[in-house]
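Enquirer: Construct the entire structure; sequences and hints are all you get.
There are 4 protein chains.
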Amino acid sequence: MASVVETYLHRIQSACTPMDAGTLADYIPQLAAVDPDRFGVSVVVHDGHVYSVGDSTIEFTIQSISKALTYALALRERGFDDVDAQIGVEPSGEAFNEISVDHRTRRPRNPMINAGAITATALLLQRPHDDEGTRDDSGTAVDEAFALILEFYSGCAGRHLTMDDEVYRSEMATGSRNRAIAYMLESFGVFPSDPEAAVDLYVRQCSVTVTSDDLAAIGSTLANGGVNPRTGRRMLDTAVTRRVLSVMTTCGMYDGAGDWVTTVGLPAKSGVGGGILAVLPGQLGIGVYSPRLDEHGNSVRGVEACRHLSDDLGLHMFNVARESRVTIRSTYDGHELDLGAGRSEVERAYLRAHRHRVRVLELQGDLTFSGAESVVRRVESLRPDADVILIDLTRVGVIDDVSRRFIVGLRATLLADDTEWVIVDPDGVVDAGARQTARSAAADAPVSSMAEAIERAEDILLKRAADRTA
Amino acid sequence: MASVVETYLHRIQSACTPMDAGTLADYIPQLAAVDPDRFGVSVVVHDGHVYSVGDSTIEFTIQSISKALTYALALRERGFDDVDAQIGVEPSGEAFNEISVDHRTRRPRNPMINAGAITATALLLQRPHDDEGTRDDSGTAVDEAFALILEFYSGCAGRHLTMDDEVYRSEMATGSRNRAIAYMLESFGVFPSDPEAAVDLYVRQCSVTVTSDDLAAIGSTLANGGVNPRTGRRMLDTAVTRRVLSVMTTCGMYDGAGDWVTTVGLPAKSGVGGGILAVLPGQLGIGVYSPRLDEHGNSVRGVEACRHLSDDLGLHMFNVARESRVTIRSTYDGHELDLGAGRSEVERAYLRAHRHRVRVLELQGDLTFSGAESVVRRVESLRPDADVILIDLTRVGVIDDVSRRFIVGLRATLLADDTEWVIVDPDGVVDAGARQTARSAAADAPVSSMAEAIERAEDILLKRAADRTA
Amino acid sequence: MASVVETYLHRIQSACTPMDAGTLADYIPQLAAVDPDRFGVSVVVHDGHVYSVGDSTIEFTIQSISKALTYALALRERGFDDVDAQIGVEPSGEAFNEISVDHRTRRPRNPMINAGAITATALLLQRPHDDEGTRDDSGTAVDEAFALILEFYSGCAGRHLTMDDEVYRSEMATGSRNRAIAYMLESFGVFPSDPEAAVDLYVRQCSVTVTSDDLAAIGSTLANGGVNPRTGRRMLDTAVTRRVLSVMTTCGMYDGAGDWVTTVGLPAKSGVGGGILAVLPGQLGIGVYSPRLDEHGNSVRGVEACRHLSDDLGLHMFNVARESRVTIRSTYDGHELDLGAGRSEVERAYLRAHRHRVRVLELQGDLTFSGAESVVRRVESLRPDADVILIDLTRVGVIDDVSRRFIVGLRATLLADDTEWVIVDPDGVVDAGARQTARSAAADAPVSSMAEAIERAEDILLKRAADRTA
Amino acid sequence: MASVVETYLHRIQSACTPMDAGTLADYIPQLAAVDPDRFGVSVVVHDGHVYSVGDSTIEFTIQSISKALTYALALRERGFDDVDAQIGVEPSGEAFNEISVDHRTRRPRNPMINAGAITATALLLQRPHDDEGTRDDSGTAVDEAFALILEFYSGCAGRHLTMDDEVYRSEMATGSRNRAIAYMLESFGVFPSDPEAAVDLYVRQCSVTVTSDDLAAIGSTLANGGVNPRTGRRMLDTAVTRRVLSVMTTCGMYDGAGDWVTTVGLPAKSGVGGGILAVLPGQLGIGVYSPRLDEHGNSVRGVEACRHLSDDLGLHMFNVARESRVTIRSTYDGHELDLGAGRSEVERAYLRAHRHRVRVLELQGDLTFSGAESVVRRVESLRPDADVILIDLTRVGVIDDVSRRFIVGLRATLLADDTEWVIVDPDGVVDAGARQTARSAAADAPVSSMAEAIERAEDILLKRAADRTA
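Protein chains in written order, with full-length UniProt numbering: chain A, 1 to 470; chain B, 1 to 470; chain C, 1 to 470; chain D, 1 to 470.
No wet-lab data here; the hints were simulated from the structure.
Incorrect hints may appear among the rest.
These stretches of chain B come out as covered by chain A in the derived footprint (C-beta under 8 Å, 3 or more residues) [claimed, not checked]:
id	segment
1	278 to 286
2	306 to 319
3	394 to 401
Which stretches of chain C does chain D cover? Using the computed rule of at least three CB atoms under 8 Å from a CB of chain D, they are [stated by the list, open to error]:
id	segment
4	45 to 52
5	277 to 286
Beta carbons are placed, not taken as given, at the ideal position from N, Cα and C, and that holds for glycine.
Expert: Set out below in structure tokens:
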């Protein structure tokens, strides 16, 4: 029996346009010869699970989708400064194969048009620290750079990808537009490699074959901050991933960026091979394959499938599940705790009398700025009325850097005010990701259970009583 | 002592450019006369709490930021079809005061340029169901429409806003550019109102005065799906909110959309009065005021403050807190449950012998497509080996529509396979938001605690034993 | 019996497209209501004679053809500096009703687009020497300026023209495009008058009614250096006329300037009323009327008639009648002259012996640089071998300034070389146009006949003999 | 002693800007290395005479001026249809090295931008009648085509020109812009030859060296309808010449066509080598050389020299020497003729009594449409009152085709009305250029002198008297 999710994907598949809308790319015979009725839809979710319907294992050439990947690779290999010096990030409002450079800087406007994509391949051909700007334009350099590209694409897809040699040869034979673009860029005086070599490399990368499953896997790698969720291998760091997703958002779907963001709301990139790659950051990757194209060169049914996925599955990036994330699950004070269990009668009595001086904050979900801000604010408001505050992180998933810094800052604030805290952190989320992994054994180190936390709170109250006596 | 968050805002404030960069708008004397060194930064978070530093209560004219708001209002009042027929959603790559219409449709390219904004005001002047297209261009119509605008802006800001009459009069006296735009649109044949009336209304809305606190409050209303988090009043529905945020993403910061999405990654809108409004969807609104402008007409320090907020507080919309959201906290089977407590000896023995046929899924966080998909998949995989599956939603915050439908679908799948489920839902999240609020008393209705769930699971196992006997 | 020329015009008329090609302008009812099959062709030649076939006396509105005339009038009234500061002379490559200003100067690109034409009317509304830039925008100012325009157009046409009041009122009611243009220009900060007044004046001038005969008469005035050949009245000076013809050449026929210059090769201007005005500088004016328009707004048959006229009558401005104009009809020496008639025997003998020292240049045609250069060069080459040179201007029409200066320069050269000259100028062309009209009685003053010239040449030879003797 | 004309040229030369304005082209070392202060001005007049001042024999590379010449050659070799199918004639308003194709047709907008010029070279490489469109792209083809180009340029200049090999090699090495353009054109699908071959040929033609004397000679060939006035060799037919002059008028001086036509009014073309070629159709060619360029790539002093030449020598093409060319020198009747000389007493008496029935038209100048029209009209008006009309063409230079046809038409009109004519044509201008050169011996054949004409008129009158008697 089909899975619930697959049932949904099937429903979306059937909802798409009758299969005869659009036309095949035909500038080379290989593209014109594919079966026009193929239609595959794949989704790879956070943990690498693959859902797919239809022709999800049919191979086709990646074409322009490669632009997003090689841009990412260039950022990884050459760094932001070098790449940004050569390629802009602004939507061009023009067709993908226009030269479209910024009038002032002469940089291609963005990496999703051919001019920007060819510059990205040229950056991979240029030796980074070669101050002489010496070009190694031999076939060897192209071979080496392409090996790197193929290795990178394969790593993102989680399987070994190869190039369609026939397509490569056809595109080289008809590639006057790309040669024109490369020579034009060179004529501006700052092109990083030999134009012919850059075009060769670009055509090779466009000829890499993928399936819709592969595209979804690549998408999930981008969704996942650069780590392939199926292999666990980090392909890109998060900053590069974020940049690529940003540029896909504004420039990925050619001249209809505004419409795409409005109606689909997913960073995406399409190719004339019939593929579309889309990403829901933090969550999943989508791959669609259907070779009939609309007048912009986007897959007709691919675009429609993406619209349906976004609408029916609520994937628009501005889809706000609830209006404000309730990170603080509950707050209560010591009356709800069984204080003094196992203590002496006197101690128990004291603790019960002062149990209102113990406050508990139970948190849930992921802690980013917004949630951390809530916590900090609540703690600050509880401070005057509490001797010790228990912060229960049992239900918290992850804590980002700013939240971690906020909690550290909070510690200082509390101490200044003579309030103590106890953090319950069974999963160790406070330290996760921290450079120093050695868990502190200090008195204020997180504890693993509420029971432990209560005991420490009791100790604190009793110690304060003793101190006051002394 | 300053709050931790405010300390951060202060730090960001000081990190911004020396105050003498940029120049005041000077096309009318009122703008040229403001104190150029004012600088206010405000953040309003999910629950309406306001953080602010600097000159956050100084009033200034809202200017172009009004474009985002009136666009939202027009969508609310006239619906998507009417508005989309008149105003596009594509970035124009041109200055805000260019006419910039789509060559084919003659629609202004987007609502964030003057042409689109004036069309939005014209739509508010046109009576919606007036088939004759009769215009009511009298001063009365403008007065009424402006009252509606002011009421709407005030509702978003959470306080009564007013117009600066002097600025209004100055801008009317020098408004030839806006008149030119309105007449040009009329010359295309489809302008919804009298050009002079639309310009009058547009200039009035630009002359509304706000503070950075107001902008942040308005931003939080957009972040919050259209509900003002301070007043709880719904100003817009979620579809309109999502649209406005989408358009702010691609068109809000004029000709630098790509750069803004790349570096700041927050939907935003600026005005020549010196204000910037930014939104982190689902989380918070930001308002900044600093009147010195860069060559694009954006507040110099406003832009910088937004960059710092995004970087330092991790607010970029593609900032992925953790790579994949772990929605399934744990799964375990009946061995970890105390089955048979309070049952007869025989029943207890039977239950213990079959406790591996009980499976528990403990979930956490919000359930949207991605998480629901995980759950469904896990349940489907457990099915063959279980008679009853307990799904513990105690730690789940909200469930969106698609997830709710998934869970319903899952129920059908399980029943088909002769597997039962028990849902533990103490907070009633499964039904929240459902149109029908009457909770079902049916056998498969959610229960409120694990104890209750265990009891129901025991009943199921025992009933199955009896059935097999019979 | 029809004149030969009229026969030709009839032939051209019949050669034009079947009458149903093209469509009437229909933005106002008055234009849509004309008889679409009207077709008139008129030619006014150098002396004002009118040839016309078809509907050459049907009145229609002048529309955009007025742009050329009001530009001329503005140049006359305000001077080149003032007008050039406000209106460029470059083709725009855009439709006539685009705003089309130069990006740098913000001037309308040329006076043949609406923006430039409305600026020209505004210049007529601005008081020239009003340093305060005070505008007199009252109806009175518009009335006065329009009276001037009407008087000017009438003067060029040679009859009293009037305005079609209905067309004027319709165009004012639908004139949002022109208002848009005027307000946009004002928004650039340098518009010379109130935008509404300028539009009013512009619409009035467009509503003036003319016939194809009128257009041809106006054209002949431009062909004739600014003097109406029928009335002899000077309407413009030659510098203004040359400028207007230059601008008509590059900008008159909208976006097809290159094609028009290539195929027709006549400065021209068309209007949506169905008229076309064309000019063969120095020779004739053409007026055509046929109200069906092509997609550029040019009269379909009007364009065709112009092509035929140019081709069939050889009117292309680069039509070179003969490759090099033979200005020197003949040169000969004194052997061909009957020297010494009526002289003493001795003198006659002397003169005959020295007759080779007399050289004659017989010139013909008009003397401009090219011809004058030939003459000068020939004279210079004859100089060493001649004591006296006779220059016979009997067959010369006019002499332009540079030629006159050349001849004066030549005189100096000859004297320096001890060569004398005698100029035969029965028609007084050497002095024609000279400021000082008093004819010199000096020894080297031109003579009226060859007989007189010969006598003077004889005197010179004899005097030289005497001098040498002495 | 300097000639009057040279004195003028010297004056113009000194009037030009101090020599240090502008900068040398520096994209290749050879151009940057020339002596920046060189300044030569040359004028070649109708009969091939050369005036020159300054560095008029210094060689420099022709560069873009070659565009006009190769366009002419392509028109000659391939015909208008083939060339017009590939290259437009509209000004582009863009820099010369923009690709600038028509959006619809994908043709380069005109032959004066690189895209159009490279297409022209490609047309010379394509074999005209090769239906297969087979390209012969071997070096041989380029060599052959360049030989043709060099032969043509040399023929226009009147001396053997050669190529600067160093410049050629440098430009090939840095020619990425031209390669970009050629490949881009090929990518549109209709480029006539191999892109690399076309670029090679284009760079060769740009590297041909000329002097300002050569440019003036080439210009005089264009002025002279395609015949080199120095050698008498026809290089182009008049239709091609007219086309090239038309395109030079609207597209020759890059983005300032309107300004150039307005202020200089001469078809022209400039090159970054520092040369400018200008033409006064029908009269003369101008060549200027001064290597410092303005920001458009035009020679600074070259432009200024052209302005001075145009202004000071009255060369603007719309410079109308006199407002209306008086072609009819005089008309008179038989009273002014000595009729009957040598006739019998009776005949003489008869002729004297009827001398008012003889009318004489004395014409002068060249007969083109305008003049012929005057003549025809006058003859038609005289007809009723005359038995015989004498048309004296003694002072007429040339008669163009339409005028000849008019005269033939006139003959028919006269005969129909029983009026005879006698044409006095000593120079045979009526038949000049006529295909059939055999002079008719018919009764109405032209006569060579007035005496002969009078005799024939007498015969006619007497014959009519006899006829009436009979």
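Enquirer: Hint by hint, where does the structure go against what was stated? Just the numbers, ascending.
Expert: Hint check: nothing fails, all pass.
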